[in-house]
Structure formats: structure tokens, C-alpha cells
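Residue numbers (my numbering), protein chains in the order written: chain E, 1 to 260; chain Z, 1 to 260.
Hints are not guaranteed to be accurate.
[Unchecked claim] Straight-line Cα separation of at most 20 angstroms, SDA-like style, residue types lysine to any residue; simulated pairs:
#	chain 1	residue 1	chain 2	residue 2
1	Z	K159	E	N220
2	E	K73	Z	D221
3	Z	K73	Z	P52
4	Z	K159	E	D185
5	Z	K251	Z	T224
Hints listed in this document are in silico derivations from the structure and should not be mistaken for laboratory results.
There are 2 protein chains.
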Amino acid sequence: MRISIIGSGNVATHLSAAFKNAGHRIVQVYSRNMQSAALLAYHVGAEAVDDPAVISPGTDLFILAIKDDAIAKFIPHLCAFNIPVAHTSGAVSLQQLSDAIPNAGVFYPLQTFSKTKEVNFRDVPMCIEGANEAITQVLENLARDISNHVYQVSSAQRKVLHLAAVFACNFTNHLYSIGEQLLADSDMSFEMLRPLIAETADKIKGHSPATVQTGPAVRNDERTMQAHLQMLQQQPHLQDIYTLLSQDIIKNHIKHNGDK
Amino acid sequence: MRISIIGSGNVATHLSAAFKNAGHRIVQVYSRNMQSAALLAYHVGAEAVDDPAVISPGTDLFILAIKDDAIAKFIPHLCAFNIPVAHTSGAVSLQQLSDAIPNAGVFYPLQTFSKTKEVNFRDVPMCIEGANEAITQVLENLARDISNHVYQVSSAQRKVLHLAAVFACNFTNHLYSIGEQLLADSDMSFEMLRPLIAETADKIKGHSPATVQTGPAVRNDERTMQAHLQMLQQQPHLQDIYTLLSQDIIKNHIKHNGDK
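With the sequences and hints as input, model every part of the structure.
Below is the structure:
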């Protein structure tokens, strides 16, 4: 399959490499920044372009891997071609594309990418949506070429997925950060906490998180919780976070196990 | 070294195995429950006892691996021996032991243990505190026999460590659980989120969490945050958690990077 990539950021970089490794041909890489386009194009053996006017119709699929806000603005450059177009965003609906492009789809990798960190794409969940059977099938086949975990996900579900990821990943990272700050304030290194964080993430690989919850809240250990709130009295915002999350853990525990 | 273990739960089980593997001899395992004492004693080649009156003074160290509440009650059974005693709790101060036992210490493994899951003790941070130089040295040597990560931590620091672990691990697990519930409500499997959770935990192995924060809050993406709050309107408690954590991420980001 011939694929052209619009964008040269993290998603564009990792996706193009995965396509190429799966035997597909990357025709063009477009970026507003020629240097950035050229770098990625070089790695995947494609032509680099920085002018939308020279984007070639000699391809089977356009992958839009650009910022959410930029997607709508880019549609006019592609809609005349009558070639399938898929965006890679978790938050943009299919309709934003399909109103202008009949063969529109979504090709959303549910993973966080850094340019310098290798990702095994076979483990990345690929969320697919198509405006019609044909494009859905094209995207599903392509997804299976690079990943073992392909899901058909509606635009409404994709929104929920994104929200769930904010809780389970973005907020989680912030809790790591709070832990780091608390340790630093008492002259301790975040290093001490890293193995416990790794084990916490590892534990849920085979379990539902609600069933492996530990800590003072799930034991309803009032004394420890009060002591913790006392320690946080100079940081009322952390007290609020502590209280809200503890209450939610207790509520959840009762919901799953009944009040004893 | 001859070591006797008071307790037969997760910490007792993993610690005794680690001591034995490091070449130490486990003399006795005490538990109120004889079956439980016998099972662990069998695995580590020790004698099982369920009566405090038959605890033998023929040992070099007692390790108390029992519930926090039970520690104070157990002291009378050991204080006549004049043998070093260390507890393994994150929350109990050294003083609770050292008031009654001169050679008192703390031997706290900062990790979450499950009986059925193997733990590589060499990676477990060991937090050591002693009432005097001699016991501190004994515990530090013992800790180095089983772990590569040994820290001298005061009782006050240990409390902070425990609080930081509640944020970075217990609360984190609850955020996983919220993610699972959100997906379930929209007919999606938690399986989809697992790779992203794994990568989020993996990312901070080499970085300070504040420097790798992602998501709508750190981008100050008001539109996405409003859309998320809208989706949660039937779950006001989750709205509160979302708002509080997002505010804290924004505040933290400004603190680290300045307001632009």
C-alpha cells in the first residue's frame, strides 16, 4: 500500500516507521517545517514536502497526524483527490472529516509516544472507525499489519477512551509528581518510590484495579487518614485531593463489596 | 545470622525467603494461627510456634512483621530477652519499640507484596532506622544482604514516605479503577487502556514526573477540559476529582515553567 503522511511529530514518526516495517511504502511526508519533513522522509524513504500544493495524489491513503486544531484547516488540501483520508486523533470526531471527504476514517493509536523512545507497535491498541465499509476494511487491515490489538471504536466511544486515559495516565503521572514533591520536601529521593510505582502498574496487568486496591482508604483506617491530612495542613489543595480520592475509594469499595 | 520472624503474612513470607536465600538461618516463625506459621516455617526450614511463651531467645534478631496495631501488644513477649527487635511498618515510629527495647530498629521494605507474586528483593528499597549505632549497623548489613537499595530513614521521613506512597500508588490504582469504570459504562474493555498505563509508569523510570506531564491540563486546553467535565455531569464526584487534579497540574506547571 502507498501511504502519505501529513505531519512529522511523534505520532507521524512512529506510525510511518511501523508502516514501513510492515512492508508498506511511504510516498510523501508533509510538514510546514521542511527540516522536520526531510528528517522523517529520509528515515522512511519518502519525499519531503512543505507546500500543500505539491502533495501528490499518487497514494492510496493519507494519514493526518497533525494537531487537532489543524485538521479542519487541512481538509481543503485533500478533499479534491478522492483518496481515503484518516486522522489519528483521540478527540476529533469522524464527522469532521467525513463531511468533506467520503472515504474518511480514524486511525487512532492509544499510546503516548516520545520521539526518542522506541515503541513496540504490536502492543499498541489501534482504534479504527470508517465512514463506510470500504474504508473501515482498509484501515482495519492496515492496523492489523502493525498491531495485535485492533478495535472498532465509534467517535462517542473514542471520546470516553480519551477521558479514561486522562484519569488513568495524565492524572496518574501528576500523582507521581505529588509523591516526588512530598519526598523532596523531606530530603528524600523519588528513586525510593520508583519500584513501588512500577509494581502498582504491574499488578493490574492481570487484575481489575478495583480488586487490588490497597491503602488506608480501602481499609477505612480513619486514624492513618487523619494523620495524613494533618501532615498536609500547609497544603490545603493536597488535602482536598486526598479527601476526595479517599472518599471515592471508600464509596467504590462499598459498591463492590457491600457495607460490612 | 539467626533470625526469628514474628508474623506469617505477606511481608513475613517474602522477607524470610529473602533472608534464607542470603544465607541466614530462620530459627522460629510465630503466628497466632499455627497452620499459617507451619506453612511458612516449612518453606524456610524453621520451627513453627503459635504461643508467645515458647518463643526462643536462641536467635540474634526478631523481625516483627505483624499488623501495626499488634506491635505494641507484642512487645511484652520480647522485651525480657535483651535481643535486637525490628519492626517492618511504614507508619509505626521507632520510639514505640525503643521505649521498651534498647536494641530496637525499623526494617521497612517499601514495596507492596502479594503472597502469590514473586518479588525480586534486590530491587526493593529497604528503609532502616536504629535506636543506636550497633542495631543500625546490624540492620543495614542485613538489608544489604537482600537488597541493592538501602536507605537510612528517620521515623518522621518514613511517615512522609508512606504518605507519598498513598498518592503515587494507592490513589493511582484508584485512577486506574475510574478509567476501567468509564470504559465499562461505554462497553469497552480495560484491556484497551493497559498498554498506556504501562507506558506511563515506564516513562518515569528515567524522568522526573513533572517534566513528562501530558494531557489537556498541562496544555491548558480549556475546550477539552470543558468537554470532559460535560461528559461527567452525571458523576459530580468525578467532576470534582477532574477539576482538582487539573488545577493542581496547571499550578504545578506554572511553578516549574513560569506563566507564559
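Tested hints:
no.: 1; hint: Z:K159 / E:N220; in the structure: 18 angstroms, holds
no.: 2; hint: E:K73 / Z:D221; in the structure: 19 angstroms, holds
no.: 3; hint: Z:K73 / Z:P52; in the structure: 11 angstroms, holds
no.: 4; hint: Z:K159 / E:D185; in the structure: 13 angstroms, holds
no.: 5; hint: Z:K251 / Z:T224; in the structure: 18 angstroms, holds
Comparing the model with each earlier hint shows no violations; every hint is respected.
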